[in-house]
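Student: What follows is each chain in one-letter form.
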Amino acid sequence: MSEIGRSPTLVGVFVGVGWFLVFLSAQVAAFHVLDIRERFRAIVALLTATMVGAVLTTTTLAHIDRLGGSVLPALSGVVTMACLWVLYMPFYYVIATSLSVRTLLMLASVEEATLPLEQLEARFASAAMLHERLATMTTYRNVAAHGAVFTATSKGKATAAVFGVLKRLWELGPGG
Amino acid sequence: MKGIIVSAVMALVCFCALTIGFRTLRVRRRAAFMVGLWFLTVPAFVIVHRLTPANLGLLPASLTEPWPLADLLLGLFAYAAVFFGGILQLYNLADRGLSLRVLIDLAAAGPMTVDQLVKAYSAGQGLRWMYAKRLEGLIDHDLVRCDGGCVTLTASGRRTAIVFAWLQRALRIE
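Keeping their order, the protein sequence lines are chains A and B.
1 is the number of the first residue of the first sequence in this note's numbering; add one for each residue after it.
1001 is the number of the first residue of the second sequence in this note's numbering; add one for each residue after it.
What the hints contain is simulated information worked out from the structure, not anything from laboratory work.
Each hint should be verified, as a subset may be incorrect.
What the hints assert, rightly or not - Mimicking BS3-like on lysine-lysine, the simulated pairs with C-alpha atoms at most 25 Å apart in a straight line are:
| no. | chain 1 | residue 1 | chain 2 | residue 2 |
| --- | --- | --- | --- | --- |
| 1 | A | Lys167 | A | Lys155 |
| 2 | A | Lys157 | B | Lys1119 |
| 3 | A | Lys167 | B | Lys1133 |
| 4 | B | Lys1133 | A | Lys155 |
| 5 | B | Lys1133 | B | Lys1119 |
| 6 | A | Lys157 | A | Lys167 |
Claimed, not checked - So the derived label-pair ranges between C-beta atoms look like this:
| no. | chain 1 | residue 1 | chain 2 | residue 2 | range |
| --- | --- | --- | --- | --- | --- |
| 7 | A | Phe91 | B | Lys1133 | 54 to 64 Å |
| 8 | B | Asp1115 | A | Lys155 | 49 to 59 Å |
| 9 | B | Glu1174 | A | Ile64 | 26 to 36 Å |
| 10 | B | Lys1133 | A | Glu132 | 14 to 24 Å |
| 11 | A | Leu21 | B | Gly1110 | 45 to 55 Å |
Stated by the list, open to error - Here chain A is said to cover these stretches of chain B; the calculated rule only asks that three of the stretch's residues, wherever they fall, bring their Cβ under 8 Å from a Cβ of chain A:
| no. | region |
| --- | --- |
| 12 | 1034-1048 |
| 13 | 1082-1089 |
Quick caveat, the model's predicted, so the values are computed rather than measured.
Note that the Cβ used here is the ideal one computed from N, Cα and C, for glycine as well.
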């Protein structure tokens, strides 16, 4: 037990986990209380703020309890939070945007949990669905709308180029 | 800190091994192949961590963990995060990402209307193809079944829907 308490890495990990829980709680609270349009930016801002909290906590702990310096616990805390965030975000996007999840929820909302395939396609493989997605992409400046016509912005083109290289490298084909 | 450096190096090794695997083998279930390969590299991670000095011959004392097991555990966690949250997600995005595919189509073909995008999606395969692929995945995981042009939730699909509905309410996602 004393070995664990004296490990700067483990102290940083525990502090990081604690502050990540604060981040999750703050995100849920903020999304309920505020009407946030650019949610990804809000998430990054909250993560940054809680990471600062983790660094301050480890620095304070290092001063009151000889941990052999504050750099290693602070770094361990930040790395722990970054790792948890990297694992959390794909899960968040599944909850928020996955068409498969939306299909399950739409089926669950109707009697007998059954719908004709055409009705599902009309909702999830339609121009209306794509319009919604393009609106989000426009908000994040990956795409620009000129009337009814959409174009990739320079930011969008750069992203497309990077993933184009990866697709060729891994021989993935068009995908989507 | 040593564990984090080892995890970065091992992630690079894993990425290169995956690339060689994709280019030289006929891999059908790519995600399963990736996860399998990652698990194979975990013992190599532990061996590299055990055989190298605590400071890697370059780290200052302030960045050297006195308890090697703690450093190993954080390194393994970082390695798992880089793989499952990074490399595997890059693959998911590149192979299945709808927004990314739209972006690539727009960047390649130039300005388009929504109706043109619906038809041009994924090199002309169209949005219906994309949705059929999603439904296939749901059927494979026994979450829905498709009979005579109707799609029905299975029992496990209902349970999954309840969990996701709760998560969407918690995150206030409409």
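Student: Now, for every hint given, state plainly whether the structure supports it.
Tutor: A quick look at each hint next to the structure:
1. Annotation: proposed proximity of Lys167/A to Lys155/A holds, straight-line Cα distance about 18 Å (limit 25 Å).
2. As the CA atoms of Lys157/A and Lys1119/B are separated by approximately 20 Å, the hinted pair is consistent with the 25 Å bound.
3. With a C-alpha separation of about 18 Å, the suggested pair Lys167/A and Lys1133/B falls inside the 25 Å cut-off, and the hint holds.
4. Between Lys1133/B and Lys155/A, the direct Cα distance comes to roughly 28 Å. Violation of the 25 Å bound is thereby established for this hinted pair.
5. Restraint check: the Cα-Cα separation between Lys1133/B and Lys1119/B comes to about 16 Å, which is no more than 25 Å; the hinted pair holds.
6. Only pairs whose Cα atoms come within 25 Å are accepted, and Lys157/A paired with Lys167/A is accepted, the gap being roughly 15 Å.
7. Taken as a hint, the range 54 to 64 Å is violated for the pair Phe91/A and Lys1133/B, whose Cβ atoms sit roughly 21 Å apart.
8. Taken as a hint, the range 49 to 59 Å is violated for the pair Asp1115/B and Lys155/A, whose Cβ atoms sit roughly 25 Å apart.
9. For Glu1174/B and Ile64/A, the Cβ-Cβ distance of about 46 Å falls outside the hinted range of 26 to 36 Å, so the restraint is violated.
10. For Lys1133/B and Glu132/A, the Cβ-Cβ distance of about 19 Å falls inside the hinted range of 14 to 24 Å, so the restraint holds.
11. A C-beta distance of roughly 47 Å is found between Leu21/A and Gly1110/B, which places it inside the suggested range of 45 to 55 Å.
12. For the region 1034-1048 of chain B, the stated coverage by chain A is violated: 0 residues have a C-beta nearer than 8 Å to a C-beta of that chain, whereas at least 3 were required.
13. Against chain A, the region 1082-1089 of chain B contributes 5 residues with a C-beta closer than 8 Å to a partner C-beta. That satisfies the three-residue criterion, and the hint holds.
Against the hints set out earlier in the document, violations occur for numbers 4, 7, 8, 9, 12.
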